[in-house]
Each structure stands twice: as C-alpha cells, then as structure tokens.
Amino acid sequence: VEHVTPRESDSGGVETVLPVEGMTCDHCVGRVTKALSSVPGVAEVQVSLPGTARVVHGPDVPRAALIEAIEDVGYDVPKEPGAAPVEPVAGGGGGGGRGPARGARPRGRAAARGPPPPPPPPRGATPAATMSRQSVPVYGMHCASCVNTVEHALLEIPGVQSAYVNLAAQRATVTAAGDIDETALRKAIEDAGYQSPVAKAGERQLDLEERARSEEISYLRRRLVVAGPLAAIVVTLAMLPMVSPVDFGAWGLWAQAALTLPVWAWGGARFLRGMVASFRRRAADMYTLIGLGTSVAFGWSVLALLAPSWLPTHEGHHPPVYFETAAAIVVLILLGNFLEARAKGRASRAIRELLDLAPRRARVIRGEAEFDVAVEDVVPGDLVAVRPGERIPVDGVVSVGRTSVDASVVTGESLPVAKEPGDEVLGGSVNLEGALRVEATRLGSDSALGRILRLVEEAQGSRAPVQRLADQVASVFVPVVMSIAIATFGLWYVLAAEDPLVSALVRAVAVLIVACPCALGIATPTALLVGTARGARQGILVRDAASLETAGSVDVVVMDKTGTLTIGKPSLVAVEPMPGEDADEVLRFAAAAERGSEHPLALAVVQAAAGKALPEAHDVTAKPGRGLTATVEGRKVFVGSRRGVAEHLSGEAPGAAEVAGKTAMYVAWDGKLRGRLLAADTIKASAKEAVRRLRELGLDVVMLTGDTAAAAEPIAREAGVTRVIADVLPEDKARHVRELQASGRKVAMVGDGLNDAPALAAADLGMAVGTGTDVALETAKVALLRDDLGAVADAIAMSRRINRVVRQNLFFAFVYNTAGIPLAAGLLAPFGFVLSPMFAAAAMAMSSVSVVTNSLRLAR
Amino acid sequence: MSPDEIAVLIGCVVAILAVNLWFLGPRSAR
Chain A
1 VEHVTPRESD SGGVETVLPV EGMTCDHCVG RVTKALSSVP GVAEVQVSLP
51 GTARVVHGPD VPRAALIEAI EDVGYDVPKE PGAAPVEPVA GGGGGGGRGP
101 ARGARPRGRA AARGPPPPPP PPRGATPAAT MSRQSVPVYG MHCASCVNTV
151 EHALLEIPGV QSAYVNLAAQ RATVTAAGDI DETALRKAIE DAGYQSPVAK
201 AGERQLDLEE RARSEEISYL RRRLVVAGPL AAIVVTLAML PMVSPVDFGA
251 WGLWAQAALT LPVWAWGGAR FLRGMVASFR RRAADMYTLI GLGTSVAFGW
301 SVLALLAPSW LPTHEGHHPP VYFETAAAIV VLILLGNFLE ARAKGRASRA
351 IRELLDLAPR RARVIRGEAE FDVAVEDVVP GDLVAVRPGE RIPVDGVVSV
401 GRTSVDASVV TGESLPVAKE PGDEVLGGSV NLEGALRVEA TRLGSDSALG
451 RILRLVEEAQ GSRAPVQRLA DQVASVFVPV VMSIAIATFG LWYVLAAEDP
501 LVSALVRAVA VLIVACPCAL GIATPTALLV GTARGARQGI LVRDAASLET
551 AGSVDVVVMD KTGTLTIGKP SLVAVEPMPG EDADEVLRFA AAAERGSEHP
601 LALAVVQAAA GKALPEAHDV TAKPGRGLTA TVEGRKVFVG SRRGVAEHLS
651 GEAPGAAEVA GKTAMYVAWD GKLRGRLLAA DTIKASAKEA VRRLRELGLD
701 VVMLTGDTAA AAEPIAREAG VTRVIADVLP EDKARHVREL QASGRKVAMV
751 GDGLNDAPAL AAADLGMAVG TGTDVALETA KVALLRDDLG AVADAIAMSR
801 RINRVVRQNL FFAFVYNTAG IPLAAGLLAP FGFVLSPMFA AAAMAMSSVS
851 VVTNSLRLAR
Chain B
1001 MSPDEIAVLI GCVVAILAVN LWFLGPRSAR
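Just so you know, the protein sequences line up as chains A and B, in that order.
Numbered as in our numbering, the first sequence ends at 860 without a single skipped number.
Numbered as in our numbering, the second sequence ends at 1030 without a single skipped number.
There's no promise every hint is true.
[To be verified] Residues from chain A shown here face chain B by an in silico Cβ test under 10 Å; the list is partial:
{"id": "1", "residue": "Arg-282"}
{"id": "2", "residue": "Ala-283"}
{"id": "3", "residue": "Ala-284"}
{"id": "4", "residue": "Thr-288"}
{"id": "5", "residue": "Val-476"}
{"id": "6", "residue": "Val-480"}
{"id": "7", "residue": "Ser-483"}
{"id": "8", "residue": "Ile-486"}
{"id": "9", "residue": "Ala-487"}
{"id": "10", "residue": "Phe-489"}
{"id": "11", "residue": "Leu-491"}
{"id": "12", "residue": "Tyr-493"}
{"id": "13", "residue": "Ala-497"}
{"id": "14", "residue": "Val-502"}
{"id": "15", "residue": "Ala-504"}
{"id": "16", "residue": "Pro-600"}
Since the hints were made in silico from the structure, they are not lab data.
Using N, Cα and C, we set each Cβ at its ideal position, and we do this for glycine too.
With the rest of the complex left out, here is chain A:
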C-alpha cells in the first residue's frame, strides 16, 4: 500500500492529512479535533470544513489509530475508491487511504463502517463534495414550534444536510452539499407560511430585519389601536350588568357580538391564519392554541345568541355568552406580541451597533482622483483615503501618513496605537490624528470586524443544549395541551354540578390559552442574543451557545505562561555596570549600537533607552548568535551574549553568574567589559489583577510552561498563581489538560500560540487571547480580543450571568405554562378557584414579556 500523505513536517514530526466525511458544523470540527488530540503522540491537529484533518504526530503513530479516533466519534474517513472495500482498518499501518493531498476527492463511502455521524444525520448517501452554508432571514415565527416547522421545511429541500433556525435572530442557516439555491430556501420558508424577504439594493441584513421588525410593530400597533377600545367596550358591556343594577337587555348582547366580530376576525387575523396553517401543515404551534381558544369562545357565544334553543339552558336562563373573553384574549396577546417585538428590537440593537462600526463607504484613490464607493466594491490592493476623525473602512496597511488609531471597537484595547507606513490597521478603528492612505488587504467577511460579526452570529445562531430540549418539548407540547383541553372539557361535562357544558367549555378554553409555549421558545435565544452582543462589545467572542454553558461551569483555568500571562517579548529588567562604570552610559552605548536591529532583545534595549538622546552608530556588524559590533562616538562597541563577549575580548569571560529566567547581554567597548543588561519576559500588567479576580470567582488557576520550574516560579509568584506545571513540552500541553480533566475538573485553557492549539481543543473550554495566532483563535471556543487577561474573568463571569438568566427564563416560562394548566383545567375549582380564560391570556402574555425583560438585564 502506497503511503502518500505522511511527510516530514517542518517541526520534525510527521504530518498526515486525512479526509473526513460527515462533518457539518463547528461542533463536528470540535469533536474530531478533540478525538485526534487525544491520540497519544499527536502534537498538532487542525480540522477544517468541509472535511480535512491535518495531524502532526510522532513517527510511531499509525495512521490507523488516527482513523479509528475519527470513527470512534462517529465520522468517516473515506478510502480511495480503488482500495479493497472491506479491508479492516486496524489491520495495516497504511489503511489504504489516500489523503486529499494529491487532490483525490473521496468518492462515495467505501464501506459502511462505524455509526452514522451524529447530529445532524446525513441525508442520503451523498458525500460532502463541497459543503456550503447559506443563511436567510425568516420572519413571522412566534414560538419554538415554528422553528421546528421551518427546519423541517428546509430539510425537505434536496441536498440540504442540516438546517437550524434561530428564533431570536430570525434567521435560518442551512448547510448543504454543493451550492444552495437561495430562492429554493425562500420558497420553502414561504410555503411553510413564513416570510423571507429579499433585501433591497444597498440594504444590509440588519436593515432588513429592522424593516421587518418595524413593520411588525406598526402592524401590531394598528390592530391594537382599533381592537383595544372595542374590546374595552365589550368587557364593559359584559361586566357592568354583573356588578351594577344596569341591564342592557338583548341589545347589549347584540352590541357585544357586533363589536367582538372585528376584534376576533381582524385583530386576531394572524392567530386564525396561523391556526388554519398549522392544521394544514400538521404542525401545531402557539397560534393553534390561541386561534382555537378565541374561536371556540366566539363561536359558542354567537350560537348562544342566534340559536339559544340548540344549547342546553339552565333553569330557563339564556345560555351565557363569552364575547368579552374572546375579545380580551385577542387584545392581550396582541399586546404581549407588541411589547415583545419592541423589546426584541432593543435586544438586537446591540448587534446593530457592532455592525454600524463598519463604515459603508470608502474613498478609493484611482489615478489622481478620489472616488466614493461602497465598501463592498473595494478590492484588495485599492488605496483608500482616510481623513482624521473618520473610521477606517477596511483592513489594510498604511502606505502614506502617520497617525494614531483607536482600535477599541475591534480589539477592545482602549489606548490609541501609533501607526506609520507599513503598519497594519483594522477596519472599524478610528483614525485619530493624521490623514492616511491605506492599502486594502482583507475585506468583508475576511476582515477583522467581519470575523467578529461572523463569530457573534454563529454563537447566536447555534442552539444551546437547554434550548434543544425546550424545542423538542414544544413540538409535542401543543398536541398534548389540546388533549388536556379536550379531557378537561369531557371531565367537567360529567363532573360539573350545574351548567356542565358552559363550565366545561370555559375551562377547556382557559387551558388552551394559558399553555402557549411562546415564552419557552424565546427563553434561551433572547438571553444569548443580548449576552453575546454585549460580550462582543467588550471584546469577548463566544463561538457557540454550548460553549457559553460550559464556560459557566468551568472550575479550573489553565494559563499558558509565555505570551498569555507574560508579554511574550523580553524587556529590560536590570542594568548591571561593572565597578566604576556608569549604568546610563552602558545602556546608552548598548542602545545606540542596537538601534537598527530587529532582534527582540535589541528592541528591549532600545525601548529601555527611550527618551535618551542616542548617538549615531556606524559600521554595525551582526554576528548571529554572538551579538553585534558597532562604532559609536568613535568607540568600538560590542553588545552580545556571554559567548560572544568572551570571543570579542579574546578569552576574558565575564565573571557574574547567569540568572535563571533572565537573559544577559554583555556590553563592552574599547576592549573592556563595561557591564551587562538583563532582559526577561515580564508579566502583563493585567495578569495579577486577572488572577485575583479568577480566584474570587472560585476558580483554580494553573500555570503551564515549558520553562524550568526555577524560571517559572518568579513569574508565577508575581502573578499570584500558586500551582505551576513546568517543563512541559509543547506537545504535552494537551496531555496535562486531560490529566486535570481526568481528576474530575472542568478545564478552561487560555493560550495564544500555535502550540497551544491542541490544548485549547482538548480543554472543556479553549480561550484564545487576542494577540494570538489565527490557529489558536480558530480552535478556541472563546476568543478574547482585548490583550488584557481581565477578559478571561470577564468572559467566565459573563457566561455565568447568561446561564443564570437562561435558567430564570426557563423557570418563568415553565411556571406560567405548567402551573397555569392545572389551574385552568379547574384542579382548584373545588376550593373555589377558577382561572378564567381572560386571566389565562394575561398570564401568558406576561410570561413572554417577563422573559424578554429579564434577558435585557444582560445588556446593562
């Protein structure tokens, strides 16, 4: 069997590229990454959609072990079509497969091996040739049942592999093999009874949502303005004779009927349409309950008015009518929807603000002239003019001009940063001082801001495990409630002492009304929507809802030392002149000599000498690994390592001992050793405070480092970390994380580098700090854009708050719904307590409003 994929990688390990079938989402990527990282000997794992896993591992890791790890979590590694289809995978080291490194695309499943991929299951046997994702707006959904309906409608489209609908964000996201026809998605959504409008020219997604929401609000307001007063009159007409001697007689009943008709038919039109559609679709939802409840109340009353002889009468009385109930229910639910729509508008304003940070237009310089163009029309390489005070429209590199920029919206970093030609600037940051010309590099969804928005959207679009449960409950809930309502009717018909038909009917209607699962449907999404948007503004990006749940339950935080707890770059910590020498002189000469160098140690020296007038250096010669020589003020200066200075001074080795954790640079001139400079990686200013806050949150903090214990100890002490795991090889980081997990801890790993990626994937929650590499950011579940470790504590505290609000919301929803049902069914009737349909409607509307209001607390 030919081995094609394993090859020596740059880092010395062996690299294997495997095709992976059945992955549809980031969740799958996470599972596969985790599985591969846990194979002993694996150093680095990179899994990407549509289906590739790149693994760097030791030479003794068999390919079969990797394949087995992938298959164990439910995904497939397709074989080369030519290979023997039933050859056992674990048999030989080769496995017979050929990675996509040669461009050979897997064709079909060679043999049915392993369990089918977990959610969402593949539809048909179509392998993931090219997976594409498409997201369209969906409006008109009002509860968790609608979510199911839309998802099923989308899954019916050929080629669609998974569909998820976010009720709060009003979006449907679909993954499919091959390209997805957006019109097909819209058609499916509209056929299911919902709307998916196309954006007008120049209209952004959010404008579209805003437009839909304001149309919704004005629709509801219109109906409320008309139906509200009518219903109030009906209620007065119905109630007044009960509490006062006034008697309106027969005309009062007719007036009630005439006034209720428009309320029920026009005001409640959406409920009626929704009810009819739900029966046709065989998918019950909240409108089914409301429509049924109001129609039964209204229909009964009309019948009682027109043909009282058809209904049983009690002791010669006219059968009672319930016009006021029908009218009040319609108005109360309209009011609930209205308040909810307004609150939701406020909730999504947070994202809107984020989007508004990206300018829509840019001034592009072509030839001599400036052209004002839409940002979408800028292409990489275009020169964009930015005036002082403006936001920079694109990610790019400064080509002309000097300024400082405020990049706080993108990075969360509040201090202005100086920029000069050659420096990178991020779209969305504010140009504070000078006019700039920026050469565009990354645009649209590739830009830093675009990536942030995508992560936020993904997090909001993903469904928390709690929510998945709520959705499932909701789809069964409605038929069950209808059953309970019918049973209530039957039982009270038999049990009621007087007016059996009437009390049976009233209670059945109350059950229908109180049980609406709308609050259940919005409990989680609204909290996530508000919470993640606020997090994003603080520079905390959470990838999905499940990670948010995990983040709230983490109990140990593992921090990588270099680059995470520390700055990751050396800075000068001491100047030690030889006896009789002046410390300032030593530094001045060293800095002058090092000024032109890009070496990190040289930068540290020059930075330490900032503010000093440095003389010019001539004849600078660098000796790699040794140091450099230069002529400064006529003197021949050497700056470099112990070995370098010994050579330079022909054998005279410096006497002072090396210091653990610090790097020494020796400075000599005129053939004599003058002193040494000590540089060390120092902890970030925010580290100490961050560690203290994490401890306050009840978390253990562990420092993980490749340095020796002696070198790591001072840093740990300074940061306030008590537990240090030192001498860790990069490839062992993930193992240490897993050891902590094995002892029953929930581990958050904070890292920044490529070498942290396996540990980030292995941890329950990977958090990448913003200065980190792209790989770390892609692997981690939480990205912290601020270069401030306080963000770690902020992120965990935020997740806890969001989780708490989600639980409160579910509690609100469940209490209203489930506690309401037995009350409405008349369980407490023997004790004289009966929940009338009108109060049921009020309780139901209240539950939605309280859930949304509770979620809005997160925005503060």
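Keeping the supplied structure of chain A fixed, place chain B upon it in accordance with the hints.
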C-alpha cells in the same frame, strides 16, 4: 351517567386520538 354524558366522553376520547394522530402521527411535520 346519562347517555349524553357518555357520548361526550366518547367524543372526547376520539378527539384526543385524532389530535395526537394528526399532529404527532407518522406523516406530521414534527
């Protein structure tokens, strides 16, 4: 129990079955 009470109870049972079959049955949208 009067005959019409029995009739209502039977009607309720049939209605419950119908609702559940319709919305939760094999061809429903669930």
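To see whether the hints hold, each was checked on the structure:
The criterion of a C-beta within 10 Å of any C-beta in chain B is met by Arg-282 (chain A), whose closest approach is roughly 4 Å, and the hint holds. For Ala-283 (chain A), the shortest C-beta to C-beta distance to chain B is roughly 4 Å, which falls under 10 Å, so the interface hint holds. Interface hint status for Ala-284 (chain A): upheld, as the beta-carbon distance to the closest one in chain B is roughly 5 Å, under 10 Å. For Thr-288 (chain A), the interface hint holds, the least distance from its beta-carbon to any beta-carbon of chain B being 9 Å, beneath 10 Å.
Against a cut-off of 10 Å between C-beta atoms, the interface hint on Val-476 (chain A) holds, since the closest Cβ of chain B lies about 7 Å away. The beta carbon of Val-480 (chain A) is positioned within 10 Å of a beta carbon in chain B (closest approach about 8 Å), and the interface hint is therefore held. At its closest, the beta carbon of Ser-483 (chain A) sits 4 Å from a beta carbon of chain B; the interface hint therefore holds under the 10 Å criterion. With its C-beta approaching chain B no nearer than about 5 Å, Ile-486 (chain A) sits inside the 10 Å limit, and its interface hint holds.
Hint on Ala-487 (chain A) holds. Least Cβ distance to chain B is approximately 6 Å, under the 10 Å limit. The beta carbon of Phe-489 (chain A) is positioned within 10 Å of a beta carbon in chain B (closest approach about 6 Å), and the interface hint is therefore held. About 8 Å separates the beta-carbon of Leu-491 (chain A) from the nearest beta-carbon of chain B, less than 10 Å, and the hint is met. Annotation: Tyr-493 (chain A) was flagged as interfacial toward chain B, and the flag holds, the nearest CB pair being 5 Å apart, inside 10 Å.
The interface hint given for Ala-497 (chain A) is broken, as the beta carbon of that residue sits about 13 Å from the closest beta carbon of chain B, more than 10 Å. Look at Val-502 (chain A): its Cβ only gets to about 13 Å from chain B, farther than 10 Å, so that hint breaks. Given hint, Ala-504 (chain A) at the interface with chain B, holds; its Cβ is 8 Å from that chain's nearest Cβ, closer than 10 Å. Because the beta carbon of Pro-600 (chain A) sits about 61 Å from the nearest beta carbon in chain B, more than 10 Å, this interface hint is broken.
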